[in-house]
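Numbering (the UniProt record's numbering), first residue to last: 1 to 308.
In case anyone wonders, no lab produced these hints; they're calculated from the structure.
These numbers come from a predicted model, not from an experiment.
Please note: incorrect hints may appear among the correct ones.
[Unchecked claim] With a straight-line cut-off of 25 Å between C-alpha atoms, the simulated BS3-like cross-links for lysine-lysine are: (1) K194 with K293; (2) K117 with K283; (3) K283 with K293; (4) K124 with K194; (5) K225 with K194; (6) K194 with K290.
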Amino acid sequence: MRLLRVLLMNYKSFLGKDVPALASYSEETGMIRLQVNPSVAANQQTPGTYYYMYFPGWRVWECHPFTLAGRSSEIEDVTSSSELSDRDTDGEKRVQSPRITEFSVTKSEQYMTFMIKPRDGMTKRLRDSLRGEGSSGQRRVRVYIEGPYGTPARFNNFDNVLFITGGSGITTVLPYLRMFFEDGYNGGRIPNTKLAWMVRHEGFVRDVLANDLRRVESAPAAATKLAMEFYITNGGTIDEKYTQDTRFRRERPDVDALVHNFAESHPGRTAIFVCGPAEMADKTRLAVIKQVKSGYNDIEVFEEMFNW
């Protein structure tokens with residue numbers, strides 16, 4: 001079965017008709033972004049799925065699972081970050097949230113996006129090879145994928161969904177957000193949705209906003225159905241090169257208060273989805289238990305493992 005999955009997802013590679021994946025690394029985000037053109041593509045988002053990756057020419061026995069951050073049928077032309085500007089009330093020209101990494105992808109291609117936190121072994125070697133590409137930080141790489149694996153959480157019967165995530169756990173949440181607001185989810189019955197993302201570096205958030213959440217934010221339903229808060233935890237000061245955004249907070253959130261306030265302000269059946277370090281998952285679980293004991297019986301917690 002595993003061999004069949006590999007053959008199905010990569011048969012164009014074996015026939016020499018594939019387009020190599022586009023990999024890039026940003027020092028500002030600390031993440032590798034990998035765009036893979038699979039032999040078999042799908043337009044709809046597939047939350048909760050992950051793929052094993054093999055890099056030919058490296059250690060053939062070494063592979064790791066990575067969560068699929070999203071699917072796209074095209075990528076829009078990107079203006080350089082120096083041209084992305086607006087004016088504050090005092091008329092001063094300031095840089096907006098830039099597209100930190102710019103991609104060159106043929107518009108007709110289907111591609112899958114993975115965001116990878118470099119650690120040891122395979123991901124460290126990939127990061128080092130991208131650093132050697134100079135200022136562009138990107139290159140075409142040959143990669144085989146095996147999958148999909150995993151099962152998505154089902155939110156069809158929930159009126160409200162709160163996503164609590166930390167660091168690279170955002171890759172698990174992105175497909176759900178895109179499914180809600182881009183794919184005509186559940187016949188247009190979109191739950192009241194909130195994202196609370198804890199992350200060390202603001203640049204990572206800005207990159208995701210520019211590259212992965214633009215269409216989510218611009219969806220008609222997002223104005224009334226979506227709220228987002230970003231908690232920057234590295235203790236740094238406000239970076240003046242970014243446009244001020246009230247959704248950014250330089251503090252660690254009170255998870256108990258997050259869960260309580262969301263449940264209290266959104267009547268109906270509520271899902272709390274957490275993907276992050278063990279401590280975050282524990283705090284979220286305890287917060288939900290506290291709500292149940294307080295009388296909020298129609299609330300359920302979903303946990304996603306936080307690994308690669």
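A quick look at each hint next to the structure:
For the suggested pair K194 and K293, the alpha carbons sit about 23 Å apart, so the restraint of at most 25 Å is met. For the hint pairing K117 with K283, the CA-to-CA distance comes to about 24 Å; that is within 25 Å, so the pair holds. Taking the CA atoms of K283 and K293, the gap is about 15 Å. The hint holds against a cut of 25 Å. In summary, the hint linking K124 to K194 is not supported, as the alpha carbons are separated by about 33 Å, beyond the 25 Å threshold.
Restraint check: the Cα-Cα separation between K225 and K194 comes to about 8 Å, which is no more than 25 Å; the hinted pair holds. The straight-line distance between the Cα atoms of K194 and K290 is roughly 20 Å, inside the 25 Å bound, and the hint therefore holds.
Of the numbered hints stated above, the single one contradicted by the structure is hint 4.
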